[in-house]
Amino acid sequence: MLIETQAQTQSPPVVRTLTYAEALREAMRQAMHSDPSVFLMGEDIGVYGGAFGVTAGLIDEFGPERVRDTPISEATIAGACAGAALTGMHPVGEIQFMDFVTLSMEQLVLQAAKVRFMFGGKASVPMVLRMPAGSGTGAAAQHSESLESLFVHIPGLKVVMPSSPYDAKGLLLSSIYDGNPVIFVEHKLLYKTSGPVPEEMYRVPLSQTNLVRQGGDLTLVATSIMVPRALEAAGVLSQEGIQVEILDPRTLSPLDDHPIIDSVIKTGRALIVHEAPQTGGFGGEVAARIAGSRAFDYLEAPVRRLAGLDIPIPYNRNLERHTVPQVEDIVAEARRLARGEY
Amino acid sequence: MTDELVEEMYILTDDRARELLDMLGKEKALQVLEAMVTIRAFEEKAEELYSLGKTHGTMHLSIGQEATALGASSAVRSGYDYLLNHHRGHGHCLAWGGEAGKMMAEFMGKETGYCRGRGGSMHIADVARNNLGANGIVAGGIPMAAGVGLSIRMRGTDQVCLVIFGDGAANTGPFHESLNMASIWNLPVIFLCENNQFAMSMPVPRAFNIERISRRASAYGIPGVTVDGNDFLAVYEVVSTAAERARAGQGPTLVESLTYRWRGHSRSDRQVYRTRQEVKEWQARDPINRFADRLQKAGLLSAELQESIRASATQGIEDALAFAEASPEPDLATILEGVYAD
Amino acid sequence: MARTVIMPRFGMTQEEATIVRWIKKEGDRVENGDPICEVTTDKINMEVEAPADGVLAGVRFAEGETVAVTEAIAYILAEGERLPVGETSGEPPATPQPESLKTPSEAQPPDRAIKATPLARRMASAEQVDLAALQGSGRDGRVTRQDIERHLSGRGAPSPDSGKVRASPAARRLARQAGVELDGVAGSGAGGRVQGRDVQAVLAARSEQAAPFHLKTPSSEEEGVQAAAGETLQPVVIPLEGMRRTIARRMQASWQTIPHILFSLDIDMSQAIAMRAQFNLRYGGGKPAVSLSAVLVKACAAALRQHPVLNSYFHEEQILRLPAVNVGVAVALEDGLIVPVVRRADEKGLVAIGQEVADLSGRARQGSLQPQDVVDGTFTLSNLGMFGVDHFTAILNPPQVAILAVGRVAKRFAPDEAGLPVLRSMMTVTLSVDHRAVDGAEAARFLNTLRGILETAGVQWG
Numbered sequence: 001m002l003i004e005t006q007a008q009t010q011s012p013p014v015v016r017t018l019t020y021a022e023a024l025r026e027a028m029r030q031a032m033h034s035d036p037s038v039f040l041m042g043e044d045i046g047v048y049g050g051a052f053g054v055t056a057g058l059i060d061e062f063g064p065e066r067v068r069d070t071p072i073s074e075a076t077i078a079g080a081c082a083g084a085a086l087t088g089m090h091p092v093g094e095i096q097f098m099d100f101v102t103l104s105m106e107q108l109v110l111q112a113a114k115v116r117f118m119f120g121g122k123a124s125v126p127m128v129l130r131m132p133a134g135s136g137t138g139a140a141a142q143h144s145e146s147l148e149s150l151f152v153h154i155p156g157l158k159v160v161m162p163s164s165p166y167d168a169k170g171l172l173l174s175s176i177y178d179g180n181p182v183i184f185v186e187h188k189l190l191y192k193t194s195g196p197v198p199e200e201m202y203r204v205p206l207s208q209t210n211l212v213r214q215g216g217d218l219t220l221v222a223t224s225i226m227v228p229r230a231l232e233a234a235g236v237l238s239q240e241g242i243q244v245e246i247l248d249p250r251t252l253s254p255l256d257d258h259p260i261i262d263s264v265i266k267t268g269r270a271l272i273v274h275e276a277p278q279t280g281g282f283g284g285e286v287a288a289r290i291a292g293s294r295a296f297d298y299l300e301a302p303v304r305r306l307a308g309l310d311i312p313i314p315y316n317r318n319l320e321r322h323t324v325p326q327v328e329d330i331v332a333e334a335r336r337l338a339r340g341e342y
Numbered sequence: 001m002t003d004e005l006v007e008e009m010y011i012l013t014d015d016r017a018r019e020l021l022d023m024l025g026k027e028k029a030l031q032v033l034e035a036m037v038t039i040r041a042f043e044e045k046a047e048e049l050y051s052l053g054k055t056h057g058t059m060h061l062s063i064g065q066e067a068t069a070l071g072a073s074s075a076v077r078s079g080y081d082y083l084l085n086h087h088r089g090h091g092h093c094l095a096w097g098g099e100a101g102k103m104m105a106e107f108m109g110k111e112t113g114y115c116r117g118r119g120g121s122m123h124i125a126d127v128a129r130n131n132l133g134a135n136g137i138v139a140g141g142i143p144m145a146a147g148v149g150l151s152i153r154m155r156g157t158d159q160v161c162l163v164i165f166g167d168g169a170a171n172t173g174p175f176h177e178s179l180n181m182a183s184i185w186n187l188p189v190i191f192l193c194e195n196n197q198f199a200m201s202m203p204v205p206r207a208f209n210i211e212r213i214s215r216r217a218s219a220y221g222i223p224g225v226t227v228d229g230n231d232f233l234a235v236y237e238v239v240s241t242a243a244e245r246a247r248a249g250q251g252p253t254l255v256e257s258l259t260y261r262w263r264g265h266s267r268s269d270r271q272v273y274r275t276r277q278e279v280k281e282w283q284a285r286d287p288i289n290r291f292a293d294r295l296q297k298a299g300l301l302s303a304e305l306q307e308s309i310r311a312s313a314t315q316g317i318e319d320a321l322a323f324a325e326a327s328p329e330p331d332l333a334t335i336l337e338g339v340y341a342d
Numbered sequence: 001m002a003r004t005v006i007m008p009r010f011g012m013t014q015e016e017a018t019i020v021r022w023i024k025k026e027g028d029r030v031e032n033g034d035p036i037c038e039v040t041t042d043k044i045n046m047e048v049e050a051p052a053d054g055v056l057a058g059v060r061f062a063e064g065e066t067v068a069v070t071e072a073i074a075y076i077l078a079e080g081e082r083l084p085v086g087e088t089s090g091e092p093p094a095t096p097q098p099e100s101l102k103t104p105s106e107a108q109p110p111d112r113a114i115k116a117t118p119l120a121r122r123m124a125s126a127e128q129v130d131l132a133a134l135q136g137s138g139r140d141g142r143v144t145r146q147d148i149e150r151h152l153s154g155r156g157a158p159s160p161d162s163g164k165v166r167a168s169p170a171a172r173r174l175a176r177q178a179g180v181e182l183d184g185v186a187g188s189g190a191g192g193r194v195q196g197r198d199v200q201a202v203l204a205a206r207s208e209q210a211a212p213f214h215l216k217t218p219s220s221e222e223e224g225v226q227a228a229a230g231e232t233l234q235p236v237v238i239p240l241e242g243m244r245r246t247i248a249r250r251m252q253a254s255w256q257t258i259p260h261i262l263f264s265l266d267i268d269m270s271q272a273i274a275m276r277a278q279f280n281l282r283y284g285g286g287k288p289a290v291s292l293s294a295v296l297v298k299a300c301a302a303a304l305r306q307h308p309v310l311n312s313y314f315h316e317e318q319i320l321r322l323p324a325v326n327v328g329v330a331v332a333l334e335d336g337l338i339v340p341v342v343r344r345a346d347e348k349g350l351v352a353i354g355q356e357v358a359d360l361s362g363r364a365r366q367g368s369l370q371p372q373d374v375v376d377g378t379f380t381l382s383n384l385g386m387f388g389v390d391h392f393t394a395i396l397n398p399p400q401v402a403i404l405a406v407g408r409v410a411k412r413f414a415p416d417e418a419g420l421p422v423l424r425s426m427m428t429v430t431l432s433v434d435h436r437a438v439d440g441a442e443a444a445r446f447l448n449t450l451r452g453i454l455e456t457a458g459v460q461w462g
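Chains as they are written, first to last, in the working numbering: chain A, 1 to 342; chain B, 1 to 342; chain C, 1 to 462.
Hints in this document: simulated from the structure, not taken from any laboratory.
We put the CB at the ideal spot given by N, CA and C, even for glycine.
Hints should not be assumed to be uniformly reliable.
Away from chain A, derived, C-beta distances all over 12 Å, residues of chain B [what the hints assert, rightly or not]:
id, residue
1, Trp262
2, Glu337
3, Asp342
Going by beta-carbon spacing under 7 Å, a handful of chain C positions derived as facing chain A [claimed, not checked]:
id, residue
4, Gly64
5, Ser168
6, Ala170
7, Ala186
8, Gly187
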């Protein structure tokens with residue numbers, strides 16, 4: 001079977017590579033250059049450059065008014081973004097670690113998400129709240145969470161999770177101009193990964209699931225860091241004659257499920273991989289959509305999920321690693337599914 | 001000017017009151033009176049409708065608090081400046097120039113209501129006139145007000161943001177975050193704490209260990225002042241001063257307006273936490289009567305004129321009700337509208 | 001106490017009924033006797049009536065669901081009543097059956113602690129199967145007929161999913177589309193699950209053998225034929241449902257499981273026809289008062305009285321000699337057939353039978369038969385004479401053990417006593433019997449009795 005990697009095929013002619021963090025920074029820089037209503041706010045995003053350096057240098061370019069350091073006030077970071085967005089601005093807030101967004105929940109869930117609907121569609125909240133999620137840094141239970149499914153459950157919010165530098169830039173630009181509150185979930189371990197990123201202000205549409213790799217034996221739906229891991233696993237499996245088709249939803253909510261369903265109709269097998277704990281996770285939603293769709297009649301095996309253990313992220317390096325799916329776990333699970341062991 | 005406001009109970013002298021009336025002029029003063037009478041009539045009608053089962057859900061009445069609504073709204077430029085208010089917000093919306101018909105329609109869940117029947121009594125917003133809505137969450141509007149203030153500053157207009165919240169809100173975390181943020185950024189926000197003596201059943205003396213909530217302002221390095229909230233002119237004077245400070249780039253002010261909620265917290269409140277005697281004492285300080293007395297003493301209001309104002313307000317509410325009752329229900333086919341901006 | 005609405009039983013062998021539609025919805029006020037839902041059983045649609053005044057509540061089955069008889073389907077609540085707590089877990093009370101048709105085994109008290117369908121209980125009792133040893137595959141773990149049958153067929157105590165073919169949804173779809181029975185397909189998936197490829201392998205093997213019919217696709221060169229392409233070559237798929245499905249299922253089961261033996265006989269109908277003419281003259285003013293079918297019902301009933309072996313059920317490895325002679329008359333409909341029953345035909349006169357047959361067949365064609373009209377038949381008469389058929393054979397209608405197929409009455413030359421050809425009104429009948437219950441000699445004796453009755457028919461039949 002012909003194997004084709006599609007992640008790059010959608011990009012215009014590639015001229016350079018950037019890291020994921022650089023791609024995000026470029027998106028923000030270009031947006032601020034072209035539109036004075038775009039500004040950044042968050043903890044330590046100014047001279048410090050953000051906890052992960054994503055906004056490094058932007059304060060020099062745009063000054064402290066538009067690259068605004070905030071006190072440690074997560075509720076009001078979220079709420080002030082909503083208030084500014086309601087009155088003509090395009091704020092891009094940063095929550096230093098996704099874990100801390102729990103302190104912003106009321107403003108996000110009860111205000112930003114609801115205002116438009118509650119006011120009969122007569123207001124809009126064009127804001128983005130960026131936040132790094134994920135484990136693998138030894139930061140333990142309160143700095144390693146993957147909480148995206150909390151927001152997927154809230155109508156009115158959009159949830160975006162880029163897995164590559166190309167998508168990071170294109171999705172962030174789309175999010176800034178989407179007109180809705182967007183929870184933009186980055187992954188700490190992806191910040192330093194590199195990939196082709198065009199210089200122009202291109203946008204990757206929200207709610208458009210990406211076919212990352214074609215294959216006929218198994219459909220693998222992966223989010224965020226699990227996408228590169230799935231690609232690596234697919235390479236291993238390819239040697240064994242198992243061709244994995246990889247789909248990356250990129251926008252978890254509202255989810256574009258048609259490509260997933262079409263793929264499962266083709267392969268008859270589905271595996272969903274994410275880092276967040278399995279129970280109540282996004283994978284359950286994908287599995288339910290597959291099972292509830294016309295793809296059901298094409299299933300050759302149970303829909304499987306491979307996700308984080310249902311525990312907080314442990315500190316110990318080995319325990320931490322085994323809490324979330326790694327490449328070898330994906331290889332093993334996909335192999336079992338493709339070989340008919342389920 | 002700052003010095004005058006800090007930690008003081010603002011006392012309006014009779015001389016100053018006459019000056020203020022002169023400044024307002026007869027026409028404006030009578031409009032204020034009619035607006036207060038209209039609020040009272042609106043809420044009494046709402047209460048009646050609720051009792052008759054013509055509306056559902058809950059309802060929070062501000063009868064007895066009309067002077068605060070009018071005093072604050074008259075001190076800023078409603079429709080140009082911004083308003084965020086709280087769940088007991090019918091009076092604020094009407095004082096801001098809201099149309100009783102659209103409010104009544106919202107109340108009855110009609111498509112012609114301010115929020116197309118999606119918000120109801122607790123979420124009435126008049127976005128077109130910069131009324132960013134009543135909020136069902138205690139302190140919910142405060143962080144957004146900081147954002148609105150930030151937006152005003154960044155857009156460089158001379159608008160101000162008036163945010164009205166209750167005494168209960170002053171004990172939440174977002175209150176602290178937002179006043180601090182508004183202070184450090186010098187935001188043009190008037191934080192108006194409408195102290196009606198009870199957070200549902202919790203009396204202020206049991207919830208605060210300070211006599212004046214306005215004293216909290218000192219913690220953020222901003223002026224704080226307490227005012228007789230049942231005296232239209234006093235509220236008008238204090239909020240005008242705060243608005244001037246905001247427009248002059250001197251930052252936020254915390255105003256505490258002392259008033260009293262005549263009715264229960266909501267329609268289901270049995271009011272076991274207070275005595276009839278206490279309610280009667282406050283009813284003797286009826287804000288409408290007090291303002292009418294001032295007007296009579298100043299020779300601006302005759303008994304006949306007062307009666308005609310009352311009749312006109314009552315008729316206005318009847319017209320509003322007729323409009324609401326004749327209005328269509330929302331079409332079920334539109335149920336999904338307004339969740340996301342396109 | 002809330003009144004339970006159960007799925008009523010309408011006949012001895014009826015195991016289940018399917019809810020066609022709910023006439024009343026939850027919360028609707030109903031009066032005793034109001035129809036609350038329409039159900040379909042084997043061959044007939046009927047209405048379930050409210051057993052009390054009150055409000056319909058706790059509807060337990062949706063339209064389209066098939067429910068075992070005596071199962072609770074809903075409740076009627078009086079003012080202030082609530083649904084029984086945990087109502088779904090309880091075993092609904094079994095409806096007592098008519099004394100006359102009760103099987104002997106039912107006298108034993110069933111074990112109420114074990115969940116089982118009423119039929120399963122009866123079967124278990126008859127076969128001395130310990131219900132406790134079985135794992136139920138039905139709702140809430142109820143032991144069902146299938147579980148008992150599986151047990152009896154020697155597969156032993158089943159695991160929760162034994163007896164069901166394990167197949168992937170894809171395999172099921174392919175099998176459904178191609179009409180492949182999954183039972184026979186070897187599964188190559190985990191735990192022997194039938195995969196899509198397994199069904200495809202079966203289909204491939206099939207097509208290598210002679211295809212049952214071949215759909216010719218016109219080549220693009222064949223002009224003129226092309227115009228018809230896509231119009232005439234695609235078969236119209238008619239899903240097997242409703243009455244068609246019932247007939248298909250019952251006839252297939254009957255033909256496959258019952259050893260049929262067949263006997264034909266010619267009967268001289270001259271006397272019977274003359275008698276019928278007399279009756280029509282006397283009771284119908286010249287118009288038909290009694291049909292030939294009525295005459296045959298009367299004759300069969302009289303013959304069955306003399307040969308009770310043929311008036312039996314073969315049911316669950318038992319022969320049940322039946323106390324009443326209830327003759328069913330097959331009536332052809334547009335889209336199937338239905339067999340209304342003349343009850344106690346042996347005790348009725350010809351005129352009464354004539355009226356009843358006319359009434360039943362008329363209502364059968366209008367679709368207004370009541371459940372009691374089509375149940376409890378003990379013998380079936382199938383007359384295709386009006387279609388010009390000389391003779392044919394019929395498949396038994398289980399648990400009945402005999403059915404008579406009647407051809408047309410035609411003038412045929414037959415030798416008289418002197419051996420000279422005489423024109424007579426002759427009719428050929430063919431009797432099918434279940435050889436498990438009836439032997440050939442008894443069947444032959446019955447036919448001769450029948451012939452004697454018809455050839456000596458007279459006014460005494462009235």
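Status of each hint after checking the structure:
1. Trp262: Check passes; 27 Å lies beyond 12 Å.
2. Glu337: At roughly 6 Å from the nearest Cβ of chain A, glutamate 337/B sits no farther out than 12 Å, so the non-interface label is violated.
3. Asp342: Nearest chain A Cβ is 7 Å from aspartate 342/B, so the label is violated.
4. Gly64: Result: violated, 19 Å to nearest chain A Cβ.
5. Ser168: holds (4 Å)
6. Ala170: holds (5 Å)
7. Ala186: Status violated, d = 14 Å.
8. Gly187: violated (10 Å)
Consistency note: the structure conflicts with the earlier hints numbered 2, 3, 4, 7, 8.
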